[in-house]
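Construct all of the structure, not just a fragment, from the sequences and the given hints.
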Amino acid sequence: MADDAAKPPPNRPADYVPPKVWQWNKENGGRFAAINRPIAGPTHEKVLPVGEHPFQLYSLGTPNGVKVTVMLEELLAAGHKGAEYDAWMINIGQGDQFGSGFVEINPNSKIPALLDRSDPARPFRVFESGAILLHLAEKFGAFLPTEPAARAEVMSWVMWLMGSAPYLGGGFGHFYAYAPFKIEYAIDRFAMEAKRQLDVLDRRLAESEYLGGSEYTIADMMVWPWYGLLAKGGAYEAGEFLDTQSYRNVQRWTDQIGARPAVKRGRVINRALPERHSAADIDKFLAEQDAKK
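In my numbering, the protein residues as written are 121 to 413.
Source of the hints: derived by calculation from the structure; they are not laboratory data.
All the given hints hold, so there is nothing to weed out.
No more than 27 Å apart at the CA atoms, straight line, and that leaves these computed lysine-lysine pairs for DSS-like:
{"hint": "1", "residue 1": "Lys230", "residue 2": "Lys259"}
{"hint": "2", "residue 1": "Lys384", "residue 2": "Lys201"}
{"hint": "3", "residue 1": "Lys413", "residue 2": "Lys352"}
{"hint": "4", "residue 1": "Lys352", "residue 2": "Lys412"}
{"hint": "5", "residue 1": "Lys302", "residue 2": "Lys140"}
{"hint": "6", "residue 1": "Lys315", "residue 2": "Lys302"}
{"hint": "7", "residue 1": "Lys412", "residue 2": "Lys384"}
{"hint": "8", "residue 1": "Lys259", "residue 2": "Lys384"}
The following label-pair restraints were derived from C-beta to C-beta distances:
{"hint": "9", "residue 1": "Ala400", "residue 2": "Val170", "range": "17 to 23 Å"}
{"hint": "10", "residue 1": "Ala326", "residue 2": "Gly202", "range": "35 to 41 Å"}
{"hint": "11", "residue 1": "Lys166", "residue 2": "Ala400", "range": "26 to 32 Å"}
The C-beta atom is built at its ideal place from N, Cα and C for all residues, glycine as well.
Here is the structure:
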């Protein structure tokens, strides 16, 4: 009996029967159990800070957050001075995303969220990373082709990412790395999908330098933070498990995007560098990092 009691939870739990009406009456376990809940809205009052620049970004350096900081840094590198921004860290592990100020600019309580104050008399919110990148691309006329066929290709890959990443993060990542116990069926199901997605990318990048074609666009900025991280084994420590090194074209593209100066700058914001209020903030941080090497 003692040996049976010491056994881990079963890999294929067969004793669970869903109730007729689901109720939230206990934590569901896993890494994010403390902040997961089945309702929306704020849990506490908290006013968001506001800086002096046209764009106020409230985010975290996760793949979804990196999309936006890379885009903003790329715009600045391309000479669009109107893209100056303040970046404020939203610590989702501590529940910052449920503060009243953040919920006002993103009722979905997910990072990133952007406040466009280009016209101080008419500030407005933009939430969801895809919406933010599209808004910035159209506002500055950058990183998004205007020719219909080229634009359609780029937007197709943008939408591909929005539909695919939840299977990678909420599906494979959750059951492989975050669930309270391992479920073979769930891991197999989502590992198969993650590898299928990598194959989709690898085949596209075998015929095209970038996802949208010969030019670097918001499609690359959208996809790289998720699948570039995965390709290098940095997501869920699953590189060996998914054999990501075998996707040679994805590896080439990942390295090419990662070498861009604006990408190197964007990926440190709201994580290693909690806040960003000027280019000097990043310059100082990167110099300090180089000095430690």
